[in-house]
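Line by line, the protein sequences are chains A and B. First residue of the first sequence: 1, per UniProt numbering; consecutive thereafter. First residue of the second sequence: 1, per UniProt numbering; consecutive thereafter.
Watch out, some of these pointers could steer you wrong.
[What the hints assert, rightly or not] With a cut-off of at most 20 Å between alpha-carbon atoms, the simulated EDC-like pairs for lysine to aspartate or glutamate come out as follows:
(1) K170(B) - E250(B)
(2) K10(A) - D193(B)
(3) K50(A) - D273(B)
(4) K50(A) - D237(B)
(5) K54(A) - E232(B)
(6) K54(A) - E39(A)
(7) K10(A) - D237(B)
(8) K38(A) - D193(B)
(9) K54(A) - D273(B)
(10) K21(A) - D189(B)
(11) K54(A) - D269(B)
(12) K10(A) - D196(B)
(13) K236(B) - D189(B)
(14) K50(A) - D17(A)
(15) K253(B) - D277(B)
(16) K54(A) - D237(B)
(17) K38(A) - D17(A)
(18) K54(A) - D74(A)
(19) K10(A) - D189(B)
(20) K313(B) - D157(B)
(21) K149(B) - E250(B)
(22) K60(A) - D189(B)
(23) K50(A) - D189(B)
(24) K50(A) - D277(B)
(25) K54(A) - E41(A)
(26) K54(A) - D271(B)
(27) K50(A) - E39(A)
(28) K38(A) - E270(B)
(29) K170(B) - E251(B)
(30) K54(A) - D277(B)
(31) K54(A) - D189(B)
(32) K50(A) - D196(B)
(33) K268(B) - D24(A)
(34) K207(B) - E224(B)
(35) K10(A) - E146(B)
(36) K50(A) - D269(B)
In short, the hints are calculated from the structure, not lab data. None of these values were measured; they are calculated from a predicted model.
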Amino acid sequence: MSAPNSNQRKACWGARDELWKCLDDNQDNAASCEKFQKEFEASCPAQWVKYFTKRRDFLKYKEKMQTEGFEPADGPKESQS
Amino acid sequence: MLCLERRMLGLVGFIGSDLHATSGRLLRCTLRSSTVQQTSGSTHHPQRAWLSSQAPLCGHHTPKHRTRLYGPFTHPQQTLGSSRGPFSLPLFTQRVALSQGPNTSTAKIRLRTRLVVTLLFGGGLLGTWWYVRNEKQQNHRMQRIEQLKKVALGQGDFSLLDHRGHRRTKRDFLGSWVLLYFGFTHCPDICPDELDKISAVVSALDKDRSLPAVQPLFVTVDPERDNVAALERYVKDFHPRLIGLTGTPEEVKVAGKDYRVYASPGPKDEDGDYIVDHTILIYLVNPDGLFLDYYNRMKDDVQIAESIRNHMKSYVKL
Numbered sequence: 001m002s003a004p005n006s007n008q009r010k011a012c013w014g015a016r017d018e019l020w021k022c023l024d025d026n027q028d029n030a031a032s033c034e035k036f037q038k039e040f041e042a043s044c045p046a047q048w049v050k051y052f053t054k055r056r057d058f059l060k061y062k063e064k065m066q067t068e069g070f071e072p073a074d075g076p077k078e079s080q081s
Numbered sequence: 001m002l003c004l005e006r007r008m009l010g011l012v013g014f015i016g017s018d019l020h021a022t023s024g025r026l027l028r029c030t031l032r033s034s035t036v037q038q039t040s041g042s043t044h045h046p047q048r049a050w051l052s053s054q055a056p057l058c059g060h061h062t063p064k065h066r067t068r069l070y071g072p073f074t075h076p077q078q079t080l081g082s083s084r085g086p087f088s089l090p091l092f093t094q095r096v097a098l099s100q101g102p103n104t105s106t107a108k109i110r111l112r113t114r115l116v117v118t119l120l121f122g123g124g125l126l127g128t129w130w131y132v133r134n135e136k137q138q139n140h141r142m143q144r145i146e147q148l149k150k151v152a153l154g155q156g157d158f159s160l161l162d163h164r165g166h167r168r169t170k171r172d173f174l175g176s177w178v179l180l181y182f183g184f185t186h187c188p189d190i191c192p193d194e195l196d197k198i199s200a201v202v203s204a205l206d207k208d209r210s211l212p213a214v215q216p217l218f219v220t221v222d223p224e225r226d227n228v229a230a231l232e233r234y235v236k237d238f239h240p241r242l243i244g245l246t247g248t249p250e251e252v253k254v255a256g257k258d259y260r261v262y263a264s265p266g267p268k269d270e271d272g273d274y275i276v277d278h279t280i281l282i283y284l285v286n287p288d289g290l291f292l293d294y295y296n297r298m299k300d301d302v303q304i305a306e307s308i309r310n311h312m313k314s315y316v317k318l
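Can you make the complete structure from the sequences, with help from the hints?
Spelled out as structure tokens, the structure:
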């Protein structure tokens with residue numbers, strides 16, 4: 001299976017952008033964006049679908065951290081010996 | 001009254017070496033006063049009375065106006081001795097005027113010497129500063145080179161196949177500036193972005209005819225899938241001079257290790273497809289094969305081009 005060429009890459013990115021816009025508009029309600037999801041999965045190799053999905057999750061998480069702040073995890077406990 | 005102040009100022013001014021202006025002022029002042037005296041005929045004003053006594057001097061000393069400066073004071077006995085009524089100059093100006101003496105050529109020499117000495121001194125200071133500054137810059141450059149040598153990236157030799165199937169080694173690229181990027185053709189977005197960036201940088205630098213041409217190189221971190229044919233398909237979407245390099249897994253590993261490139265293939269899915277996690281850096285190598293600089297995702301093409309230009313300039317100087 002050969003790698004996507006430039007046109008295929010652009011098509012995949014376009015579909016991804018459409019999907020993400022839809023998700024942004026619908027507060028990440030996957031059900032309302034099914035059409036875009038199908039389009040996205042058709043345009044991109046499976047690995048890329050997985051990769052971009054994870055990427056979106058990461059970007060959302062990062063946004064959350066930046067806007068809402070976070071509780072730093074407790075550090076390692078003091079030596080118990 | 002104004003004329004009197006001017007004369008005093010003129011004397012003080014001379015002491016500060018502003019010779020021409022003050023003598024000019026005095027000349028005009030004296031001439032005007034004597035003219036006024038002649039026309040009005042009145043001698044009530046003590047200043048005018050005193051000045052009119054100097055009238056003979058006004059007539060014939062135009063070229064030697066410096067002499068006129070001393071006019072009233074060339075005969076100190078006369079000045080101090082003569083009674084001038086309520087008019088008298090402050091003591092210090094009299095003393096200073098006397099101490100200058102009648103010799104104007106000494107004054108000329110003294111002024112010229114002063115100017116020359118000041119200029120030489122100033123020039124010397126400027127020259128020293130310039131020299132020290134250049135030394136410092138040179139030191140910085142040498143330090144940086146030493147540091148990079150210590151890091152010693154890209155010291156080894158690689159031997160790979162280019163996208164046309166020709167064998168290429170590191171030696172083949174000595175003599176050119178090289179922009180090196182490690183990636184793989186199945187890369188979803190990062191590698192195409194970075195290669196587009198490199199293409200933009202190389203195109204921008206190409207526009208400047210005075211700069212040497214930069215050679216972009218793309219080395220795969222995924223030799224299992226990226227063979228010569230795959231690379232050939234891939235690189236044609238980017239800058240025409242971009243060369244793709246691949247080889248056996250061992251050869252690729254050697255090249256990657258040389259630049260301390262991290263690469264880790266991810267899990268394969270049912271298609272056998274996988275993503276390779278890898279260092280995302282563009283390396284700049286100079287014509288001596290020495291690693292000079294690196295650029296990460298944060299640097300845009302304009303910044304990278306600027307940085308390369310600077311490296312090229314300082315390389316030539318060394």
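How the hints compare with the structure:
no.: 1; hint: K170(B) - E250(B); in the structure: holds (16 Å)
no.: 2; hint: K10(A) - D193(B); in the structure: holds (11 Å)
no.: 3; hint: K50(A) - D273(B); in the structure: holds (11 Å)
no.: 4; hint: K50(A) - D237(B); in the structure: violated (25 Å)
no.: 5; hint: K54(A) - E232(B); in the structure: violated (30 Å)
no.: 6; hint: K54(A) - E39(A); in the structure: holds (18 Å)
no.: 7; hint: K10(A) - D237(B); in the structure: holds (12 Å)
no.: 8; hint: K38(A) - D193(B); in the structure: violated (25 Å)
no.: 9; hint: K54(A) - D273(B); in the structure: holds (16 Å)
no.: 10; hint: K21(A) - D189(B); in the structure: holds (18 Å)
no.: 11; hint: K54(A) - D269(B); in the structure: holds (15 Å)
no.: 12; hint: K10(A) - D196(B); in the structure: holds (13 Å)
no.: 13; hint: K236(B) - D189(B); in the structure: holds (17 Å)
no.: 14; hint: K50(A) - D17(A); in the structure: holds (15 Å)
no.: 15; hint: K253(B) - D277(B); in the structure: holds (15 Å)
no.: 16; hint: K54(A) - D237(B); in the structure: violated (27 Å)
no.: 17; hint: K38(A) - D17(A); in the structure: holds (13 Å)
no.: 18; hint: K54(A) - D74(A); in the structure: violated (26 Å)
no.: 19; hint: K10(A) - D189(B); in the structure: holds (10 Å)
no.: 20; hint: K313(B) - D157(B); in the structure: violated (26 Å)
no.: 21; hint: K149(B) - E250(B); in the structure: violated (25 Å)
no.: 22; hint: K60(A) - D189(B); in the structure: holds (18 Å)
no.: 23; hint: K50(A) - D189(B); in the structure: holds (13 Å)
no.: 24; hint: K50(A) - D277(B); in the structure: holds (14 Å)
no.: 25; hint: K54(A) - E41(A); in the structure: holds (14 Å)
no.: 26; hint: K54(A) - D271(B); in the structure: holds (19 Å)
no.: 27; hint: K50(A) - E39(A); in the structure: holds (14 Å)
no.: 28; hint: K38(A) - E270(B); in the structure: holds (19 Å)
no.: 29; hint: K170(B) - E251(B); in the structure: holds (12 Å)
no.: 30; hint: K54(A) - D277(B); in the structure: holds (14 Å)
no.: 31; hint: K54(A) - D189(B); in the structure: holds (13 Å)
no.: 32; hint: K50(A) - D196(B); in the structure: violated (24 Å)
no.: 33; hint: K268(B) - D24(A); in the structure: violated (30 Å)
no.: 34; hint: K207(B) - E224(B); in the structure: violated (37 Å)
no.: 35; hint: K10(A) - E146(B); in the structure: violated (44 Å)
no.: 36; hint: K50(A) - D269(B); in the structure: holds (10 Å)
Checked against the numbered hints above, the structure breaks hints 4, 5, 8, 16, 18, 20, 21, 32, 33, 34, 35 and satisfies the rest.
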